[in-house]
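Student: Residue strings, one per chain:
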Amino acid sequence: MASVVAGVLTSHAPLITARPEVGDHAARARFVGALEELRRRLERARPDVIVMFVNDHVQNFFYDAMPALCVGVADAYWAPSEGGSRFLRVPARRVPGHRAWARELLVAGLEAGFDLAYSHELEFWDDVSVPLHFLLPEARVPIVPVLTNCVAPPLPPPRRSWELGAFVREFVARRPAAERVALVGTGGLSHWIGVPGHGRINPEFDRRVLGWIAEGRGDAVAALGTDEIERDAGNGGQELRNWIAVLGALPGVKGEVLAYEPVAEWLTGCGAVWMLV
Amino acid sequence: MSEYHLNKLLYATAREHRIVEAIADEAVLAAYELSAEEREALRTGDVARLYELGANPYLIRRVFRPRFPV
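Residue numbers (the working numbering), protein chains in the order written: chain A, 1 to 277; chain B, 1 to 70.
Don't read these hints as lab results, they were simulated from the structure. This structure is a prediction, so every number in the text was calculated from the model and none was measured. A couple of the hints might just be wrong.
Computed list of lysine to any residue pairs in SDA-like fashion (alpha-carbon distance at most 25 Å, straight line) [what the hints assert, rightly or not]:
hint: 1; chain 1: B; residue 1: K8; chain 2: A; residue 2: R160
hint: 2; chain 1: B; residue 1: K8; chain 2: A; residue 2: P153
hint: 3; chain 1: B; residue 1: K8; chain 2: A; residue 2: V32
hint: 4; chain 1: B; residue 1: K8; chain 2: A; residue 2: E123
hint: 5; chain 1: B; residue 1: K8; chain 2: A; residue 2: N60
hint: 6; chain 1: B; residue 1: K8; chain 2: A; residue 2: L69
hint: 7; chain 1: B; residue 1: K8; chain 2: A; residue 2: P196
hint: 8; chain 1: B; residue 1: K8; chain 2: A; residue 2: G113
hint: 9; chain 1: B; residue 1: K8; chain 2: A; residue 2: E82
hint: 10; chain 1: B; residue 1: K8; chain 2: A; residue 2: P142
With the hints as extra help, turn the sequences into a complete structure.
Tutor: Printed below as a string of structure tokens:
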């Protein structure tokens, strides 16, 4: 039986790599240090495949056909592309995908009642590129991206991400091969982007969510409503869905919060969590 | 409501990696089905108004980057 060998939760933001020099040096060093610790732990977990719960930022998907949930089924992804590389200031690269695994996940998901879209071509920005710049510098492990609409309302409710995570857990458990699967969720915590209040962060909300995760109460995070998140964590906080999917795959598992820094210059409440799988 | 067309214009602009303070080119504006309010908000680069009118905040941020202090 395959098993989930690691669970990682991190924020993503373009300015983490685009403007690494700004702001409080000690706070930045603590957050980046936590990402480096996550990389070491992830390496030790020796995953064969990494399921990445992430979201588009209207670079792939547009309002002509906006998927609520989408599985990437490509052999490789730009993370970042040449264009993304210029504003993220990390080298352009192709990160390997795992087409066969992704397709099996897709088919099983459809059978289980998740009306998943799928994509053979995705260009990733900070959503995947910034976390993997730190977590997977050599890109040796294939990824399976699972995207949730967190940016173009109406959004699927947070509880749907919990259910999606639970499905992924069952999918992994049913697989015959002795595969080692890592789960990574990126996004959040609170941030207000491109809206009135742009630049705001709510550390009180972020610490409350991290407290729940530390206690193994992912279900409390999943119980947040879309409107509540928008009010307390901003439009960027809707990306918590990606964390909730990982939490849904690991119910009751406690998280070790390696860092939390509300970095105003990066416009984001920056969290880094290792799940004690 | 033409917010779809408003977003379409912003998406097209973002895809060209154009970063602007305002979109006042009448030929560009005429190419999309926009309300008078939407045109005015684009001409003046009024990001708060664009958001109220239904523009996606991530597209607003990308296209009108100079309008944001950080």
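Student: With reference to the structure, classify each hint as holding or not holding.
Tutor: Here is what the structure says about each hint:
Only pairs whose Cα atoms come within 25 Å are accepted, and K8(B) paired with R160(A) is rejected, the gap being roughly 28 Å. Restraint check for K8(B) and P153(A): satisfied, since their Cα atoms lie roughly 16 Å apart, inside the 25 Å limit. Among the hinted pairs, K8(B) with V32(A) is inconsistent with the structure: their alpha-carbon atoms are about 37 Å apart, more than 25 Å. This hinted pair checks out: K8(B) and E123(A) have alpha carbons roughly 19 Å apart, not beyond 25 Å.
Note on K8(B) and N60(A): the hinted pairing holds, with a Cα-Cα distance of about 13 Å set against a maximum of 25 Å. A hinted pair counts as satisfied when its Cα atoms are at most 25 Å apart, and K8(B) with L69(A) qualifies at roughly 22 Å. A threshold of 25 Å between alpha carbons decides the hint, and for K8(B) with P196(A) the separation of about 21 Å falls inside it, so the pair holds. For the hint pairing K8(B) with G113(A), the CA-to-CA distance comes to about 32 Å; that exceeds 25 Å, so the pair is violated.
Taking the CA atoms of K8(B) and E82(A), the gap is about 23 Å. The hint holds against a cut of 25 Å. About 34 Å separates the Cα atoms of K8(B) and P142(A), which puts this hinted pair outside 25 Å; it is violated.
In summary, the numbered hints that this structure violates are 1, 3, 8 and 10.
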